[in-house]
Amino acid sequence: MRGARRLVVPQVLRDLLAKRSGRIGFVIVCLHLSVAVAAPMIAPQDPTHQDAAAMLQSPSLAHWFGTDRLGRDVFSRTLLGGREAMLIATLATVIAMAWGSALGILAALIGGRADAIVMRFVDAMMSIPWILMVMLFVAALGSSSVALVPVLGFSYGLSVVYLARAATLDFVTRDFVVAAQIRGHSRWSIAFTELLPNVRDSLAVQGAMQWSWILLAVSSLSFLGMGVAPPTPDWGQMIADARGIMQRAPWALIWPMLALSSLVIGMNLAVDAWARATGVERNRRVPGA
Amino acid sequence: MAAVLLQRIGLALVTMVIIAVVVFFALELMPGDACSVNLGRGASDSMLAACHTRLGLDQPPIWRFVTWAGDFLRGDLGISMQRERPIAEIVGWRLRNTLILAGVTSVIGIPLALGLGVLAGLNPDGPLDMAISGVAIFAMTVPEFISGTLMILVFSVILGWAAGVVTIGYKAPAFELVKASILPAATLIFILAAHILRMVRASVVEVMQSDFVQMARLKGASRRRVIWHHVVPNALLPAISIIGLTMAWLLGGVVIVESVFNFPGLGRLAVDAVADQDLPLVQAIALLFGLIYVLTNLGADLVALILNPRLRTRRQ
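Protein chains in written order, with our numbering: chain L, 44 to 332; chain G, 6 to 321.
Only chain L is shown next, with the shape it has when bound in the complex (with noise of 0.2 Å):
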């Protein structure tokens, strides 16, 4: 099953769309990604623009969603919401992956002492709770998105090294890999041509899992006021400012709180339908991490 198939994207669809549950997750994500795409043609209203005479009005036809207590329109912030979570979530998906594999494998391939001491640091390391670690790195450099990226990126990588080695470890004393290195084959070519192949769709799907943990990291320190910084509406912000005054306008909290949870529950879904399709055993989310 996790033999070297060809990656192809035609197949990664076909998994995907096999069975309903994935094929509900695969299109609320879809829909998401083109919301959030084309959210900055298809808001209706400047989502910063404060209105005094129309604060905390409930929905109407001129505000779909209400408006929030400084008279924003919460259908276009909501809109606009998701879109620097996701994209600080995929810048840092994109290094937690490339570090945590790269790491990961090498330690399976070269084993011995040099694997036994990377284990144990990336062991310690993960027994600080995610959100302390990215708080240390908060507290010294300002929230900032641009700060937040490789705090992440690093955070998250820990979770892939386990997994990348897992994986590798299933490959480094089948007979193909014995024999590359019979061949002389260096170690890089070693991980890259023989090993990488073969556990690049365990890596493919927890990637995209680290994609929907990073965004609800990000979501939480926004919710914290660590993350994306206002005026940039974001939901977990919104979901921060709209806390007090849930009795009088809750759905200036409901909207952004459907958002996130559906976005990430139909991310869910797809990853789910995906490593079911693929054979690829899917990692729960770590407990911690």
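No lab work stands behind these hints: they were computed from the structure. There's no promise every hint is true.
[Claimed, not checked] Just some of the chain G residues that point at chain L, by a computed CB distance under 8 Å:
#1 Met35
#2 Val42
#3 Pro148
#4 Phe150
#5 Val260
#6 Phe294
[To be verified] Chain G residues, not near chain L, derived (Cβ > 12 Å throughout):
#7 Pro66
#8 Trp68
#9 Ile84
#10 Pro91
#11 Gly97
#12 Trp98
#13 Asn128
#14 Ala191
#15 Leu241
[What the hints assert, rightly or not] Simulated DEER-style distance windows between Cβ atoms:
#16 L:His228 to G:Pro132: 50 to 58 Å
#17 G:Leu104 to L:Phe235: 45 to 53 Å
#18 L:Met98 to G:Gly45: 33 to 41 Å
Glycine included, C-beta positions come from ideal geometry on N, C-alpha and C.
Given chain L, put chain G in place with the hints provided.
Relative to chain L, chain G alone:
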């Protein structure tokens, strides 16, 4: 047995040392230090120099690490930048409050999770399992700050059963904190239980298909006897180490949940410390959380070792 015990304790010690190194030197690599971050860009050179001398930042990093870690072991966590008070004093009460919250969560959440996990696993894909697993997947997927806010919306705003935010101070007596931790603990239980029960369910399903359960059934043992004597003890053993691992999540989740409910614990203090750019305080809290995690995991390991003779031989 003794060798395995020593090995586990040794590993835990090594992990603690690495955590201390990471927490200390991560900030060394950053531009700026506790003084420049706290005083801001406008600080004059003489102010910075005075601050450096006061905190001992003019010493070489290795030496500072040794004194920092040594002081930590003796219970001196350093001085908070913003609050100008010993960190141990600030952290003490909040650590107690967080431990109360974590205690309430574990005492109710863990038995609940084990029970629900066994129930779901005994009839996999039955209606009960579908309901339990469905809610569990929702709880595991949706972020903590949304579940917490939903709890406030439902139980406080709509039903009016409990206060939505905690208003008592951090020095309040313990029983008041137990009362205040109802909704925060409910949020943590909702998520914690979901993680544990999924594992227990999987483990029950696996044990139910094992040969010894088949054998017990074929011998004609009653369903109740099979479940209580054969399935449950064997299925719950792996759950113990999962509970230890889930503590890492609990400690991280506590930061967000405490902030949602305004609970006066260590997690919210960490958020405040970041907002105040109080590096020594953030460092101390990160180290504390790391140590708590290592200790709970060591505890879970030792309990598993006592209950499961199969783990007692040394493995490579």
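Status of each hint after checking the structure:
| no. | hint | result |
| --- | --- | --- |
| 1 | Met35 | 4 Å, holds |
| 2 | Val42 | 6 Å, holds |
| 3 | Pro148 | 5 Å, holds |
| 4 | Phe150 | 5 Å, holds |
| 5 | Val260 | 5 Å, holds |
| 6 | Phe294 | 5 Å, holds |
| 7 | Pro66 | 15 Å, holds |
| 8 | Trp68 | 21 Å, holds |
| 9 | Ile84 | 16 Å, holds |
| 10 | Pro91 | 19 Å, holds |
| 11 | Gly97 | 18 Å, holds |
| 12 | Trp98 | 19 Å, holds |
| 13 | Asn128 | 21 Å, holds |
| 14 | Ala191 | 17 Å, holds |
| 15 | Leu241 | 18 Å, holds |
| 16 | L:His228 to G:Pro132: 50 to 58 Å | 55 Å, holds |
| 17 | G:Leu104 to L:Phe235: 45 to 53 Å | 49 Å, holds |
| 18 | L:Met98 to G:Gly45: 33 to 41 Å | 34 Å, holds |
Taken one by one, the earlier hints all hold for this structure without exception.
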